[in-house]
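All chains should be modelled from the sequences, with the hints used to inform the complete structure.
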Amino acid sequence: MPGRIIRLPGGVAMNIAMALSRFGLKADLLSAIGQDAEGNELVSECARRGLGTDHLYRSADLPTDRYMAIEGANGLIAAIADAHSLEAAGDKILNPLNFGPLGNPEKPFDGLIALDGNLTAALLEKIAVSDSFSAADLRVAPASPGKAERLLPFVREGRGTLYVNLEEAGILCQASFETASEAAAKLLERGASRVLVTNGGDSCCDATQDGLISQSPPEVLVTRVTGAGDTFMAAHIAAECDGANRADALSRALHAAASYVSGEVAI
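Mind the numbering: the sequence shown is residues 1 to 267 in UniProt numbering, read in order.
Since no wrong hints were added, every one of them can be taken at face value.
Pairs of lysine to any residue, SDA-like flavour, derived with a Cα cap of 25 Å:
# : residue 1 : residue 2
1 : 126       : 88
2 : 126       : 104
3 : 92        : 120
4 : 26        : 240
5 : 186       : 200
6 : 107       : 123
What follows is a list of derived Cβ distance ranges for each label pair:
# : residue 1 : residue 2 : range
7 : 99        : 75        : 34 to 44 Å
8 : 3         : 107       : 47 to 57 Å
9 : 262       : 131       : 35 to 45 Å
These are calculated hints, taken from the structure and not from any lab test. The beta carbon of each residue, even a glycine, is placed where N, CA and C say it ideally should be.
Put into structure tokens, the structure is as follows:
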């Protein structure tokens with residue numbers, strides 16, 4: 001079919017890091033990238049965008065992973081994520097947090113960590129109870145509805161802030177919801193410490209045990225959808241790092257995501 005093919009650096013963690021950079025924050029990446037031509041190109045692109053690459057796991061045996069999304073006028077039609085190298089690398093990507101220089105179980109990293117659900121279910125479950133992550137401000141996002149169940153350990157342990165859409169919240173709760181507020185309340189009931197639930201162009205909710213805040217995103221013409229949730233998460237993190245309260249941070253995140261899907265933001 002006729003169309004336009006665009007090749008970009010991406011992946012959930014990468015999208016979040018790039019967005020954080022646009023919002024004035026410095027992000028260091030922990031992931032697995034091959035020593036192949038694609039991996040070298042990706043690392044160079046990261047450096048050009050101001051992202052830290054010193055702690056990446058560079059494998060000589062594993063190729064650089066790839067993701068393909070097909071979008072139409074009505075949004076995302078299909079997507080394939082080849083994350084085999086990331087899964088094969090396992091906890092090697094966490095060595096800087098487990099054995100230094102970023103931290104270790106005795107002196108855990110106490111900064112902000114954005115974690116995505118492309119890791120294996122076993123590794124995510126390990127992270128949810130790991131002493132190496134016990135002092136971090138942990139922000140967690142599923143890579144897709146197909147991997148949402150991998151975040152259940154963070155719900156059970158009440159660890160981290162979860163960023164999910166309505167479908168992903170339903171998968172985590174094994175239920176269907178009409179609104180983001182209903183989904184967020186149920187996730188808190190199941191043990192989550194804090195959760196932000198988005199629902200496309202409908203109202204979004206930030207929920208903690210102290211209460212629920214609900215806001216609606218601006219109405220815009222949607223020109224792309226891949227990466228919108230990552231932009232929302234990064235904008236929300238940046239706003240809170242800037243000292244914004246919960247309501248203002250949610251508003252800034254919704255407006256940033258709206259600008260992104262409208263095509264106003266260059267990638």
